[in-house]
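Visitor: Letter by letter, the chains look like this.
Protein chains: 2
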Amino acid sequence: MKYLVGMDVGGTNIVCGLLDGEGRLLEKIKRPTEAHLGSEHVLEAIAQTVKTLISSRQADTRQVLAVGVGSPGLVDPEQGITLFAGNLGWHRVEVAKQLSGKLNLPVFVDNDVRMYVFGEAITGAGKGYDHVLGITLGTGVGAAVVVRGQVYYGGGFMAGELGHMRMEGEQTTCACGMRGCLETVASATGIVRQVREAVAQGKQSVLGTWFPTANLSGLTAADVSKAYDSGDRVAREVLDHTGRVLGRALAYAVTLFSPDAVVIGGGVAEAGERLLAPMREELQRSVYQGYWSRLAIRTAHWPDDAGVIGSALYAKQKVEEA
Amino acid sequence: MKYLVGMDVGGTNIVCGLLDGEGRLLEKIKRPTEAHLGSEHVLEAIAQTVKTLISSRQADTRQVLAVGVGSPGLVDPEQGITLFAGNLGWHRVEVAKQLSGKLNLPVFVDNDVRMYVFGEAITGAGKGYDHVLGITLGTGVGAAVVVRGQVYYGGGFMAGELGHMRMEGEQTTCACGMRGCLETVASATGIVRQVREAVAQGKQSVLGTWFPTANLSGLTAADVSKAYDSGDRVAREVLDHTGRVLGRALAYAVTLFSPDAVVIGGGVAEAGERLLAPMREELQRSVYQGYWSRLAIRTAHWPDDAGVIGSALYAKQKVEEA
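Each protein sequence line maps, in turn, to chains Y and E.
50 is the number that the UniProt record's numbering gives to position 50 of the first sequence; each next residue is one higher, with no gaps.
200 is the number that the UniProt record's numbering gives to position 200 of the second sequence; each next residue is one higher, with no gaps.
Among these hints, one or two may not hold up.
[As the list claims (entries may be wrong)] Examples of chain E residues lying across from chain Y (beta carbon under 10 Å, computed):
1. Phe211
2. Arg248
3. Ala253
4. Asp260
5. Gly290
In short, the hints are calculated from the structure, not lab data.
Don't be surprised by glycine CBs; every beta carbon is placed ideally from N, CA and C.
Chain Y extracted, bound-state conformation (with noise of 0.2 Å):
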């Protein structure tokens, strides 16, 4: 029997799963990134548990066709090389050269939005689909395009960049440096920080009594989803301008990048229709209905699996095309 493995680097966590040569999902392990321990640890502790994983299985290294690494930051998939995570403190970390020393085996390292949404458009919700638009809302928000099973990455590998497109009324400074970033609205720090500033201006809001220490410490978007469905009104606001924000955004999107489908990911996408209704609303009044009429709107297959599925796959598509 052949293997894949496929991994997925965050901040907190490493998630590493073992495959078969389809690319179905056998097993995974979950372990804290420690970072601060440095990249050299962090590479080590990646092999270690992918050795883990495979003897768990009474496999053999041999029978594994290739590694796939999804990393965050700005990746050079070509070079195999982290050029720079902010999150993990990496500065060109030439990661496809040193786990495959360690390992003895063929490594791939792409960006870990791309591999996600490679692994929704190859066998999740975009599955069957041409041309893919995933996006990732999260802590931040990502993006990635996929057209006919190979991810399209512009110059610098630095295209499908959503987050940092600057909405008109927006005013909060991102980490990027700019100023009104989607990001700073449609990810999960932007949900909380909107009710907190509500809540500073005097707004009512049962979050404030669920969370009465100083500026809602411990708040997080999926209280905001409670909040909305007790009937709160700073919770269906916010959820409501986010969801209108990221819909005007997507609209730019869809508009140049003409998508069969829009794959939508990420811990934010739970809170479903509460954000997805007035996002599909905002899409539908921004675009030419020749786009809208053609296009599948769709949440994530694997919404905790596709970037392991997607870094094990692409990992896969590297390897035979070499």
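Put chain E on the given structure of chain Y with help from the hints.
Guide: Structure of chain E alone, referenced to chain Y:
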């Protein structure tokens, strides 16, 4: 000697060019489209023009490698059909098949903007760049992306409709049925409309003196540039505003496609720095600096001929692929 034929079919004129096998333009003929006489008439006229062009060089049809046609409207290049072209009154016209029958030559058809950008990308201002975003500012606003010599089509061959991105704060109804599309601002008609509205609102402009008739009848975008140079405040405000709205739209396209070069063509681009200076300023302000620092912004190298050259080279590429 081997030849290529390229063609730009517009609402008013058809420009037909004879090129050598490398895509160097040798000769061209311009003739009225006469679209009101129907597609059969137009295609027959095109075929006659191609024959005239070939015989003027004492050449033989058999020396022509391929014929490329840039058609306005929505084109399916795989089937060789112009699906819809409003300004020609065409609906599902089988351009490639019909012309191929008349000429006994391989004929390929694609959208005129894509062919223009293809020409600039391969042999014009975008030459040497892997990822080229080209825009044409004329009666309308068109755009296309060419990646390593391949056009990016998107689903339904509908990618790159920069002209139909709805711009915040703009309210003019567009021919597409939406309101506030970029095309209602950053086109020749958009510039003329803005001047007319300013004068109608009682703003003093030398253009009101130059065009004393009702609604400044006869006014063109070129006149607005002349007024700008004479120090006219309305002309400056209009070109300034137009440049800034264009810069904002381009910021979205740059963030999503990450081009290495942006090439700007079309008649309105003749406004030069009057338009491009505010455009660049707004673009720089609206994109992550990582894009800005690696981006080349160029005006078209073949402002008049890129469509003819591009369609000829596109036809050559298709013949070689087959």
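Visitor: Each of the hints needs a verdict: does it hold here or not?
Guide: So, going through the hints one by one against the coordinates:
1. Annotation: Phe211(E) was flagged as interfacial toward chain Y, and the flag is violated, the nearest CB pair being 33 Å apart, outside 10 Å.
2. Contact between Arg248(E) and chain Y, as hinted, is supported at the beta carbon level, the nearest pair being about 8 Å apart and thus within 10 Å.
3. Satisfaction of the interface hint for Ala253(E) is found here, the shortest Cβ-Cβ separation to chain Y being roughly 6 Å, below the 10 Å cut-off.
4. Because the beta carbon of Asp260(E) sits about 4 Å from the nearest beta carbon in chain Y, less than 10 Å, this interface hint is met.
5. Of the supplied interface hints, the one on Gly290(E) holds, with its beta-carbon coming within about 7 Å of a beta-carbon of chain Y, less than 10 Å.
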